[in-house]
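Input sequences plus hints: build the corresponding full structure.
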Amino acid sequence: MNTAQKFLLKLLVVLTAATLVAAGCGNDDDDDAAPASAPATEAPTQEPAATQAPAPAPMDDEVVAAFVFVGPVGDAGWTWAHDQGRRYAEAETGATTLFVENVPEVAEDFRAVALDFIENEGADVIFGTSFGYMDTMEELASEHPDVVFEHASGFKMNDTNFGNYFGRMYQPRYLSGMAAGAMTEADQIGYVAAFPIPEVLRGINAFTLGAQRTNPDVEVHVNWTFTWFDPALEGDAATALLEAGADVIAMHQDSTAPGLAAQEAGARWVSYNSDMSPFAPEAFITAPVWNWGPYYARIIEAVGDGSYVPDAYWGGMDDGIVTLAEPAADVPVEVIEEVLQVWEQIESGDWDVFTGEIRGQDGNVVVAAGETMDDGAMLSMDFFVEGVVGDAAPS
Amino acid sequence: MRRPALVRRDRVVPATQALGFFVGIVVALLLGAVLLIVSDHSPAEVYERMFDSAFRGTDSLSRTLGRATPLALAGLSVAVAGSMGLWNIGAEGQMMAGAIVATGVAMMADGLSGPLLIALMMVAGVAGGMVLMVGPALARSHLGVSEIITTLMLVYVAIRVVEWLETGPWKDPESFGFAVIEPVPEQAALPGLFGRANIGMLIALGLLIVFSVAVSRTAWGYELRLAGSSPDTARYAGVSLRRKILAALLLSGGIAGLAGAVQLTGSATRLESGLSNGYGFAGIIVAALALMRPSGVAVVAFVFGAVQVGGQSIQTLGVSSAISDILQAMILFGALVAVVFFSYRVRWSAPSVGLPAGVREEPDPSAEAA
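Chains as they are written, first to last, in our numbering: chain A, 8 to 402; chain B, 506 to 875.
The hints are simulated quantities; they were obtained by calculation from the structure and are not laboratory data.
These numbers were taken from a predicted model, which means no experiment stands behind them.
Some hints here could point you the wrong way.
As the list claims (entries may be wrong) - Here are the simulated lysine to aspartate or glutamate pairs, DMTMM-like style, with alpha carbons at most 20 Å apart:
| # | chain 1 | residue 1 | chain 2 | residue 2 |
| --- | --- | --- | --- | --- |
| 1 | B | 676 | A | 389 |
| 2 | B | 676 | B | 691 |
| 3 | A | 163 | B | 687 |
| 4 | A | 163 | A | 382 |
| 5 | A | 163 | A | 192 |
| 6 | B | 676 | A | 142 |
| 7 | A | 163 | A | 150 |
| 8 | A | 163 | A | 146 |
| 9 | B | 676 | A | 351 |
| 10 | A | 163 | A | 153 |
| 11 | B | 676 | A | 318 |
| 12 | A | 163 | A | 398 |
| 13 | B | 676 | B | 615 |
| 14 | B | 676 | A | 112 |
| 15 | A | 163 | B | 679 |
| 16 | A | 163 | B | 677 |
| 17 | A | 163 | B | 615 |
Unchecked claim - Cβ-to-Cβ under 8 Å is the rule here; a few derived chain B residues that face chain A:
| # | residue |
| --- | --- |
| 18 | 567 |
| 19 | 568 |
| 20 | 572 |
| 21 | 677 |
| 22 | 681 |
| 23 | 683 |
Just so you know, even glycine gets a beta-carbon here, dropped at the ideal spot from N, CA and C.
What follows is the structure in structure tokens.
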């Protein structure tokens, strides 16, 4: 027996074990693809799939909307929120909706899925919900002028069939910061940060400004993980911040691990993406959350009646695409009242988060008193405000 | 008590193993049908979609070939090291290293014409993969450090380097602050053949032929295999094990690096941390299924590519990604099991004193490739 074949046998043993384990998990997933600990409100993932399969081929006048997700719909975070939006839009518009989950941000993967949707399922509009799909969607949009492509979180578009959309998450983040600032006793908040990109920096800054409103002494300590979904690493990052003295944890990733770490340490937690309170009910304070449904319904309707025009949509709390989850019962009433006041100011457009005077980490004035940062400056934000401890460009 | 032991069959011809490969796939598809029925899907509909999306029409075929190309190059990378009993587990990282150096070259020389720039980027890819392999190769040849560990660990180093470049020195100034590296110049896109297939496929095919001949038909290849299967004999015959180890591992790294450059210019638009997309790790399975033979790598990579394309496609029918993953794993696992049982048979025998079943008739593994 030569060496190669012997290794082959070893590999076989490993694969046998792995397959048995995978098959074991898979059978559970089959009944309910969401993790066992997912919120009780979440319906089994298989449900839409099961109802799709026997449905007759869609008629020409009925819109078929397809969603390409980067993660699992059971992640309780980013993808879960988009899938909630898909369900809402399907119920609201009567359109057929389809989705594929766990699609890597790689050209051939996205392309293969999109072409299947177009050629086999007759998709009229394709929503891609991850930044890395952008270049491929741009290409596909020019190759398939009859199909609408809508890209979440990117910056590219065209004049006919390719638009992008995102939400002003910094607004509810500010509100969540207000609650967190009121809840910290150590005046130290830990922020488990994803990647040093404007969206994340903007979130940290908005959160910090909100926390300073209710607690002028507060410091926000940033720990970068360079991940979007890595529960082990994100939990460790939270633990490191807690051990360094923080008693409230905020985060930007899609996992619930930072919340579990906070609860274990007897600390508090501001989640993100969705109301994750069932995962760590004792730690949970509140969360800035996504509400994609109304936007998806609007786009699907526009595609259906032929009125679709591409846009670089960046909706705020006034449009309901971003909002704040219900705060925990022990957040003081006067804090909640103040949060609601600011909420109203933001929603009415009287005031926005990045209104001066705002100082950067180095103490220099970034936004002068009375001025408000424009969208361009917010979308390319590359600094931390005063009160954030950490490096805004950690590479 | 009688115990089972795997014994090599008396006559094993590659054709039998190839037959086994396909028999295994058919058995797996039958078992998969049960899984599909249990999960409320029609096996006929699902399998038809799998087949259509992977093979029907030039577009589908080109999609399969597009996936088979990086799988074949990664598989060849693992197989070249594997033909002398070495395990390059880090092709994933070497792909990244190749893509990094190729991107660097494209940034410095983006004024060049397409063919020249592409050629330079390919060379840069090979160099990048080799650079990442220098450490593990020297550690293996001179210190006996397991290349399995070192090559694997460097995967994460390579991915982190890409993330550093994305957020730091190579961040595209025109990306509104997003952490992306600027796209490779347009003229560096690999010329297309048909559908989505490009000449990357021909590069892979050419290399497979070259190495197929080199490993099985040349003195160099014979010495390589000899050094792997019986190092003492090889040493006695005057073969320098150190040089053979260095050659096998560096070539393996270089081929994986080339795979990275081919992905960069053939499929991706820019260097990003997801570029290698698991192809490097999948290459280990490809090489194992091909029994470390470059000729087998071509067939296995094509089938593997088709399984991936089909597996993804059925998700648009409503099959969950978990079921699809299990189905893909079953197909590959079935093929692997069948290949093994077409090469070995189980013999039940009474245990002999002092030796556990299974190791009888085999040389001591620690004596090999030392």
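> Holds or violated: are the alpha carbons of residue 163 (chain A) and residue 679 (chain B) at most 20 Å from each other?
Replying inline: holds (12 Å)
>> Just to be careful, I want the Cα atoms of residue 163 (chain A) and residue 382 (chain A) compared with a cutoff of 20 Å; is the pair within it?
In response: holds (16 Å)
> Given the proposed pairing of residue 163 (chain A) with residue 687 (chain B), does the C-alpha separation stay at or below 20 Å?
Replying inline: Roughly 14 Å between the alpha carbons, so the hint for residue 163 (chain A) and residue 687 (chain B) holds.
> Hey, residue 676 (chain B) versus residue 318 (chain A), does the alpha-carbon distance stay inside 20 Å?
Replying inline: Roughly 26 Å between the alpha carbons, so the hint for residue 676 (chain B) and residue 318 (chain A) is violated.
>> Hinted pair, alpha-carbon criterion (20 Å max): residue 676 (chain B), residue 142 (chain A). Please report holds or violated.
In response: Roughly 16 Å separates the two Cα atoms, so the pair holds.
> At a threshold of 8 Å, is the proposed contact between residue 677 (chain B) and chain A supported by beta-carbon distances?
Replying inline: The hint is violated - residue 677 (chain B) has no Cβ within 8 Å of chain A, the shortest such distance being about 11 Å.
> Should the interface hint for residue 681 (chain B) be scored as holding, given a Cβ-Cβ cut-off of 8 Å against chain A?
Replying inline: holds (5 Å)
> Hey, residue 163 (chain A) versus residue 192 (chain A), does the alpha-carbon distance stay inside 20 Å?
Replying inline: violated (44 Å)
>> Does residue 567 (chain B) hold up as a contact with chain A if the rule is Cβ-Cβ below 8 Å?
In response: violated (10 Å)
> CA of residue 163 (chain A) to CA of residue 150 (chain A), is that 20 Å or under?
Replying inline: Given pair residue 163 (chain A), residue 150 (chain A) holds - Cα atoms ~16 Å apart, limit 20 Å.
>> Would the hint on residue 568 (chain B) be counted as holding, given a Cβ-Cβ threshold of 8 Å to chain A?
In response: holds (6 Å)
>> For a C-alpha distance cap of 20 Å, please report whether residue 163 (chain A) and residue 146 (chain A) respect it.
In response: holds (11 Å)
Hint compliance for this structure: hints 5, 9, 11, 12, 17, 18, 21 are not met, and every other hint is.
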